[in-house]
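There are 2 protein chains.
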Amino acid sequence: MDYLPPKGMRDFLPDEMRQREEVIEAIKEVYRSFGFVPMETPALESVEVLEKKCGEEIRGQLFRIDDGRLALRFDLTVPLSRVASSNAFPKPFKRYCIAPVWRREEPQKGRLREFLQADIDIIGCPTMRAEAELIACATSAIERLGFSGATVRLNDRRIISAVASRLLPGKESQVLRILDKREKIGNDAVVSMLAELGAKKEDAQRLILELTGGGSNEEKLKIAASYSKEAAEDLKKIIELAREYKVSGIVIDFSLVRGLDYYTGPIFEIRLSDEIGSVGGGGRYDGLLSLYGQGDFAVGISLGIERLMALLKGRKAGKRGVFVAAVKDELYPYALEVAAFLRNRGIAAQTDLNMRNLKKQVEYASLVCRWLAVVGEREKKEGKITLRDLESGKEELVSFEQAAVKIRQ
Amino acid sequence: MDYLPPKGMRDFLPDEMRQREEVIEAIKEVYRSFGFVPMETPALESVEVLEKKCGEEIRGQLFRIDDGRLALRFDLTVPLSRVASSNAFPKPFKRYCIAPVWRREEPQKGRLREFLQADIDIIGCPTMRAEAELIACATSAIERLGFSGATVRLNDRRIISAVASRLLPGKESQVLRILDKREKIGNDAVVSMLAELGAKKEDAQRLILELTGGGSNEEKLKIAASYSKEAAEDLKKIIELAREYKVSGIVIDFSLVRGLDYYTGPIFEIRLSDEIGSVGGGGRYDGLLSLYGQGDFAVGISLGIERLMALLKGRKAGKRGVFVAAVKDELYPYALEVAAFLRNRGIAAQTDLNMRNLKKQVEYASLVCRWLAVVGEREKKEGKITLRDLESGKEELVSFEQAAVKIRQ
Chain A
0 MDYLPPKGMR
10 DFLPDEMRQR
20 EEVIEAIKEV
30 YRSFGFVPME
40 TPALESVEVL
50 EKKCGEEIRG
60 QLFRIDDGRL
70 ALRFDLTVPL
80 SRVASSNAFP
90 KPFKRYCIAP
100 VWRREEPQKG
110 RLREFLQADI
120 DIIGCPTMRA
130 EAELIACATS
140 AIERLGFSGA
150 TVRLNDRRII
160 SAVASRLLPG
170 KESQVLRILD
180 KREKIGNDAV
190 VSMLAELGAK
200 KEDAQRLILE
210 LTGGGSNEEK
220 LKIAASYSKE
230 AAEDLKKIIE
240 LAREYKVSGI
250 VIDFSLVRGL
260 DYYTGPIFEI
270 RLSDEIGSVG
280 GGGRYDGLLS
290 LYGQGDFAVG
300 ISLGIERLMA
310 LLKGRKAGKR
320 GVFVAAVKDE
330 LYPYALEVAA
340 FLRNRGIAAQ
350 TDLNMRNLKK
360 QVEYASLVCR
370 WLAVVGEREK
380 KEGKITLRDL
390 ESGKEELVSF
400 EQAAVKIRQ
Chain B
0 MDYLPPKGMR
10 DFLPDEMRQR
20 EEVIEAIKEV
30 YRSFGFVPME
40 TPALESVEVL
50 EKKCGEEIRG
60 QLFRIDDGRL
70 ALRFDLTVPL
80 SRVASSNAFP
90 KPFKRYCIAP
100 VWRREEPQKG
110 RLREFLQADI
120 DIIGCPTMRA
130 EAELIACATS
140 AIERLGFSGA
150 TVRLNDRRII
160 SAVASRLLPG
170 KESQVLRILD
180 KREKIGNDAV
190 VSMLAELGAK
200 KEDAQRLILE
210 LTGGGSNEEK
220 LKIAASYSKE
230 AAEDLKKIIE
240 LAREYKVSGI
250 VIDFSLVRGL
260 DYYTGPIFEI
270 RLSDEIGSVG
280 GGGRYDGLLS
290 LYGQGDFAVG
300 ISLGIERLMA
310 LLKGRKAGKR
320 GVFVAAVKDE
330 LYPYALEVAA
340 FLRNRGIAAQ
350 TDLNMRNLKK
360 QVEYASLVCR
370 WLAVVGEREK
380 KEGKITLRDL
390 ESGKEELVSF
400 EQAAVKIRQ
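Note that the protein sequences, when read in sequence, are chains A and B.
Numbering-wise (my numbering), the first sequence opens with residue 0 and increments by one.
Numbering-wise (my numbering), the second sequence opens with residue 0 and increments by one.
Just chain A, with the same shape it has in the complex (with noise of 0.2 Å):
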């Protein structure tokens, strides 16, 4: 019998892997190149850490450690928090974060329990600036993958709290959950929810209009500031920063509400295609740190890799690497010299570790590398390698740094 991975987790075999490992790559490189810092937390956390603001929600969700005291982190936010709010790091502080989280979430969901967040935070700093520069990061690091034409939706929690405390005065945060449950459970229900919460149903239909209506960037920010002036204010300087940024698809949303309990300020969210839903998002959060020590600015966005590799699914991992094969057990020898040679040039270089025949090592060598290398008697008297590509199937007599260029290329 076989044993499995863990209820809506996967192990990922080598080809996703490496795919994987270069996604992880280069959004580690455009975040870096935005000044970014690394930090990095434990996977596990005291359980009061977690819930002074995981929301009802993810609290069920919570694999929790047999001693009831710790658990595995849900996000990467709350860890940060927790450690900002007690260093004094140079303000602001930019740090990046690409790591797992955990999460119990119902199997029909069709999501994975264990999933990895690539996440940047700007601490300390008030100004709109660091949303613009969150948002042309993130879209820079997903164009760097090779995607384009993201959108980036965008609201501010002041103008959903507005909106919920005029419908149902006092019941914000219920109504804040049933409305960021509307792209999952449709209009008709979110009204027959709202309805049941006290609301009237004309007032709850004309709201979801309000909210999924269309209109420019220019006519919402006009209904924004009906609701929340500072909200407007800032939803525009992200706009206008975002062009400096050349970063374009930005249009403001009001039906974006995003289930973290933090948000203070705007959120966002970016897509790619209207099938795959989210593949990021993030908000602001002056609230957090002041709940695990001092308190201070804090806005954040957070990539989800398995969404980004599923849109990579796709694109096929090509072989890598030479193999170098010996004729004969005792040129073997001669192939690690061979190996050590390319390896020193930054080439993945295999030698036979079977002690198989030529035949043997040529089929494996073509299972597993780009090109093989066959090293003989002559060979070794001549000092050169027989360098074959693998893909056409052409061969020729070289040199080792003649070997190592055409790999190379």
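Just so you know, these hints were derived from the structure itself, not from any lab.
Because the structure is a prediction, the values reported are computed rather than measured.
Check the hints yourself; a few may be wrong.
Treat identical chains as interchangeable: a pair holds within one or across any two.
Within a straight-line C-alpha distance of at most 30 Å, the following computed BS3-like cross-link-like pairs (lysine-lysine) qualify [as the list claims (entries may be wrong)]:
id	residue 1	residue 2
1	K379	K245
2	K27	K236
3	K27	K245
4	K90	K379
5	K235	K379
6	K90	K6
Add chain B to chain A, keeping to what the hints say.
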């Protein structure tokens, strides 16, 4: 009050984390250069999978989830065995994995409860070429980090088992567990414990002398052969092959035991200095895969990132990147343009998010960056940058391209 990370676990702040990422990246590069490919598994495994081969001590150290069925992995070898035993990879299957593992160690040992391992394993190879390659690859990785003078201690479980069986037939595993403690508790304590277990004191003393005695590898191979001919043959081959890889410093050491239960053949340990102890180790575990499915030959080595990081601690992480300061707010778009240009050339570039005056910007820049670029009206008019070296204090007016060249040097 401050909230701390869980007991025995650590936050990695930016300076240390940057060095950690460099170490991980360097090791990965070397692993890849030998043709190893990445494969990862979830942090959690079923307790059933873990307990099949974790030994009594580690069983008590598992971080178990409160559902009773899952626990955090305590090493990377057991999950690899689970996957490899049910997947038909081309053999030999050579994988690397650099990832955290968790053990609830007693705090007095000064060990972390979450620590990073950097493993390479070869599945499906019966020959000692696998052992030699692993040792060559791991020592190359250590050299890449700037260390020299690594010693590789070499022994074989078949020898230790024969030794134990001659001393106390039928009590091999208890003897092995006592011998494994020798370095921590000393020779005398080991002799007492073996005597308690039923050995004659003189026999136990003679055994310790033999295990810890000096002598050349050639002399020790003769002693080895008196316990196990096959083991002696294998150790000889490893030493010969390692020479072809230019690995020096291999020493047969009969006192090497290694705690883990699953080893069946050659075992090895890499040391850089006596104070820090082992920075890595591994061995052959041909029996492990069959516990999970299809059995196969297997051998692996694991570098301990925490130990290596501790040895690197003296090295200072230099500042990096450039801060582009605008002398007034109206010039912020020009600063963004400069920063975007530099980022496109692979340089980490930041701008002022907090709308501070020039003095404050320069203060911040000198805390977090290696270079400062100042842009005012004159610079904008001429399409240039005033670039200041924050180490030497020198500054000059340069073009974007000249700035990029200077910073990248």
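Here is how each hint holds up against the structure:
In this assembly of identical chains, K379 and K245 lie within 30 Å of each other by CA distance solely across copies; the values are 19 Å between and 57 Å within a copy. Proximity of K27 and K236 under a CA criterion of 30 Å is satisfied intra-copy only: 27 Å inside one chain copy versus 43 Å between copies. Taking identical chains as interchangeable, the C-alpha atoms of K27 and K245 lie at most 30 Å apart only when both belong to the same chain, with a minimum of 21 Å there against 35 Å between chains. In this homomeric assembly, K90 and K379 come within 30 Å of each other (Cα to Cα) only across copies, at 27 Å, whereas the closest approach inside a single copy is 61 Å.
For a Cα distance limit of 30 Å, the shortest separation of K235 from K379 across copies, 26 Å, qualifies, whereas the shortest one inside one copy, 70 Å, does not. When the C-alpha separation of K90 and K6 is checked against a cutoff of 30 Å, the pair qualifies only between copies, where the shortest distance is 28 Å, while the shortest distance within a copy is 41 Å.
Of the hints listed earlier, there is not a single one the structure fails to meet.
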